[in-house]
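Enquirer: In order, the protein sequences belong to chains A and B.
Its first residue numbered 1, the first sequence is counted upward by one per residue in this note's numbering.
Its first residue numbered 1001, the second sequence is counted upward by one per residue in this note's numbering.
Mixed in with the good hints there might be a few duds.
What the hints assert, rightly or not - List time: in silico SDA-like cross-link candidates among lysine to any residue, alpha-carbon distance up to 25 Å: (1) B/Lys1505 <-> A/Asn197; (2) A/Lys169 <-> B/Val1784; (3) B/Lys1505 <-> A/Glu163.
Hints were generated in silico from the structure; no laboratory data involved.
Predicted, not measured: the structure shown is a model, and the values here were computed from it.
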Amino acid sequence: MKKLTIKLYHFLGLLILILFSACEDVIIVEAPEGAARLVVEGWVYDDRDAQTVLLTSSAPYFDTQSPSPETSAQVSVTTQNGEVFAYTETTPGLYQADFRGSPGERYTLTIETSDGQRYQSTPQLLSPVAPLDSVYAVFKESPEVEDEGYYPVWDFTDPEGSEDFYRWKFYINDTLQNLAQDILTFSDEFIDGDEINGAEFILERPLEEGDILTVEQLSINEEAQDFLNRIQQLTSGVGGLFDTPPDPVRGNITNTTDEENYALGFFGASSVVQESVVAGE
Amino acid sequence: MKSLVFVALTYFTLFSQAPESLDREVTLSQPTLTIKELLQELDRQSGYTFSYSNRLPLQKKVSFGKKKGSMRYFLDKISRDYPIQYKTVNEKILLLREKKKAPVKMRQEKVTISGYITDAATGEELIGATVYIQELEIGTVTNVYGYYSLSVPPGEYTVGLSYIGYQRQSLTVPIEESQTLNVEMNSEEVQLEEIIVTAAEVVPEVQEIEMSTAKVDIQTIQKMPALLGEVDVIRSIQLLPGVSTVGEGAPGFNVRGGSIDQNLILLDEAPVFSSSHLLGFFSVFNPDAIKDIKLYKGGIPARYGGRLSSVLDVRQKEGNTKRFGLEGGIGLISSRLLVEGPIQKDKSSFMVAGRRSYGDLFLRLSNNEDINNTIVYFYDLNTKVNYKLNDRNRIYLSGYFGRDVFGGAVENLRFDWGNRTGTLRWNHLFNDKLFSNFTAIYSDYNYQLAFADEGTDATLEEFEWQSGVTNRNLQADFTYFPSPSSTIDFGVSGIFYDFNPGSVKIRTSDEPAEFPLDLDEEHAIEAAAYFNHEKKFGDRVTVQYGLRYSAFANVGRRDVFEYQNGIPSPDNPVTDTVSYGAGEVIKFYDGWEPRFSINYSLNEQTAFKASYNRLFQYIQLVSNTTAATPIDIWTPANQYIRPAIVDQVALGYFRNFRQNTFEFSAEVYYKNFQDLIDFRNGAELILNETLETELLSGKGRAYGLELLLKKREGRWTGWLSYTLARTERQVDGINNNEYYPSNFDKPHDVSLVLNYTITKKWNASANFAYMTGRPTTPPSGRFVYEGIVVPDYTSRNGARTPDYHRLDLSVNYEPPPKPGRRWRNSWNFGVYNVYARRNPYSVFFRPNAENPAITEAVQLSIFANIIPSVTYNFTF
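Let's have the full structure, built from the sequences with the hints guiding it.
Expert: This is the structure in structure tokens:
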């Protein structure tokens, strides 16, 4: 429903643009500055033996530099039955622990920063993910798409009865397509138990013949879906008359020492399946 | 006792002269002169001889707006401004000192004159025309049906009638017993080479009890420059003080810091839920079909209720009862045609007016496939039929049907919405002092969205969604005129609502069967009873006091969710579902709404006014976009949503200058709002079965100063207005629980409207508007997630878009009709946004397209260029 709403508002905006000669100008707006916050990017996967957490800091809005890393923090992940995995800082801001995620396990992230603030995530269940039946790279031409090329198409079957949320990540020659518009999440609300053939996605940049397409299918939960969708919404431009006033995106990390000084970002856990195909073969 | 001096009567019957008439044109040597000089000049220039007593104030000066005029015009003016009355006897004009009291007969009981004031050419009833009895210095104004009633001691009186745009009349009427006096007035035609437009009213605004109201006449609106040539009622009222809008393309209007759902918009008494077409660019009112428009911003009389901030009372024309007529126009964006005429001469008539836009035809010429497949149009149909059964009973039936349709472009989307209203009214005169009106109304507002998606989600194929609100009203309104200084209104009303918050049908490729999702319909009843008394004390003080009792019941059949802790919020899960049967009361609210206003006239030119009102609003528009979209939801009060309440106090100072040529007013107001609906950040409002979990309620306050200077007479007419105002909200859970500016908070708002009569055929108009930018929520910081730069927000509405200003010009050319022919036409040439100001339509914050690491603020303007227009109008 949210997607539909977004689509609708964009349609209305597009219509107005079409109807009248519209122009865009870059302007200066006085924006009040907020405090710097901790930003968390961490995930536990079941298909690799090393898990990472990236900690950075937020910056003033018109800042142009790369985000500064949050160093010398103590990072650990605890499982439901009390097992603790401690992370060590490998490069500034990047923390790593050697373990593999298991489906069915619940993980909680705890952080203590060098200035004594303690943060904790909500517990994240690593749910099993449906297998990918097949992956294809299909050639599409205009007028269907703006850029002619190969786009991912895949088949999978949603398990019946369970509430499943999905995320798909797309790699071209092992490079993750990570523009905001490339985020794709889905819930099985209307397709529970269905066999889906020919799910497709129009990437910002298509594949050329000979490129290797890798599609990763991940299980996520509703919290993660909300967070990722909001990230996407916020980066597509806000402030228009038909846009909803922006909802500050928080994520699932709370500051247990000082509630006002909340953190941004998300910590989640997913089961992963993937498949690769060469475009044009 | 000085003896009266009479000039000897001389009969010039030997001279073959045309019979003299008061309509003869004369030219004065100067516009300001003494009464004695005036009479001498009139005497010289006409065939009349004057007789007058030298007890008259002959040395007093009078000032006219012009030097040329009819004899009647000049004589009326001096007899109005000074205690002079005049009588014609053949070729002689007698001027006498006006008697303070009318001759008193033996019978002391009062008699009543009453009746209807109508347009002599069309039979249309004139709303707000003044009927004034000179000898008693009392007067009244016709009501919305053109009816007036005055009770006076028996005697012979000079009854003066006046109305903007019409020739003033003065009738000598012997009133020995109660009688009906219906008068037809002639519209003021352009008579001379140098014209002047409208005459001043006999009872200018200074003396009326009402404050915080604006009456804009349709002729003024029709001459103002318009976007793409579309004359627009709503855009015109946005140029009045206290009225603004969120943005250029936003629908609705904001009055004194109220949101757009706080305006009660009535078309022939039927509520209209959406006042604009094409998302706010044009209004739903076809100006050809409209007779009268009145906007109440404060001091709202007790007969109105249900919306907190204003009442926009729009009345359609009845239809010419004398002969058939056509009126219409062809413009760039739309065309209109109105047909009216008698069904039975002087007894019944009809009016049908249609308007249809065809802007989308131009889109077909585009090479871009998205654009040339787009369908976008709107239409309006206004209809009315009325029938005068007899002197005491009249029946009116009106209907309005309007629709907007969007389609094509993106994924076979088709989106249409519109209002339909139907009103049946019966005016009944119990006696000449008790006027009543009974109304039955049906009003429906709904929208449909259909969508066929092949692609991204392989599952959703066809999607159809409908939503809307329907209401059926019954009301009875009575007006009792016990004496000229007293008018009593009372009445009752009941509204039956059906809300359809959304029903969806979905069809997928795999399953040909549809599976619907239906949100429960909500039903409600809103009832009210009111009483209002307007009383004049002596010459200076008029007081209006009234009380309205309103009640609202949210009833079944409906299933209601109950939440943990009794509080609906995303954190509290649903604990139970309670089923209510049809008509069973789920929640009941009621309230008392006192209304009070007072006018103290210091003298004929100056008045002070004060008012207080309290209003309840039981249905609110829930929208989480800055500008409302047609798919926003009208939500009734229920067990989780309380009705909204406002208290408003206003004080005003009114002053007229130069014989009412200029009118100046200054008003300050303060409004306190309670229980205004707002929504949580990121709320999902569409097709949400637990909508109440996304809503929050808060308070608001609005205050401001409105200044207005109007010029009514002369070659230049128009107004200049300045509003200094703030409007703020406070909702727990938003902006750290502190007050933040409302989305439509515009501290400074300046409007200038000018009309200049160049010659008899040519007339030019200009509008200038300046407004502070609207609040917007900028990001307070940025962070990076998965390589994507994301904005962070803390405060709500902490910054502003750049200021808005714009100048429009237009020129109207109306060639005189060929003698004997009824066909008249005119051309209007206009330019919108003359200096091509790029006003911000919206302000975005986003990463730079070339370098996503840099974030920037971008403004989008739509009417960024000069937009010329041509419209051709005709009347037959």
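Enquirer: Next step is simple, just say for each hint if it's right about the structure.
Expert: Status of the hints after comparison with the structure:
Among the hinted pairs, B/Lys1505 with A/Asn197 is consistent with the structure: their alpha-carbon atoms are about 23 Å apart, no more than 25 Å. A distance of roughly 18 Å separates the Cα atoms of A/Lys169 and B/Val1784; the hinted pair therefore holds under the 25 Å criterion. Taking the CA atoms of B/Lys1505 and A/Glu163, the gap is near 23 Å; set against the 25 Å cutoff, the hint holds.
Hint check: no violations occur; every hint is consistent with the structure.
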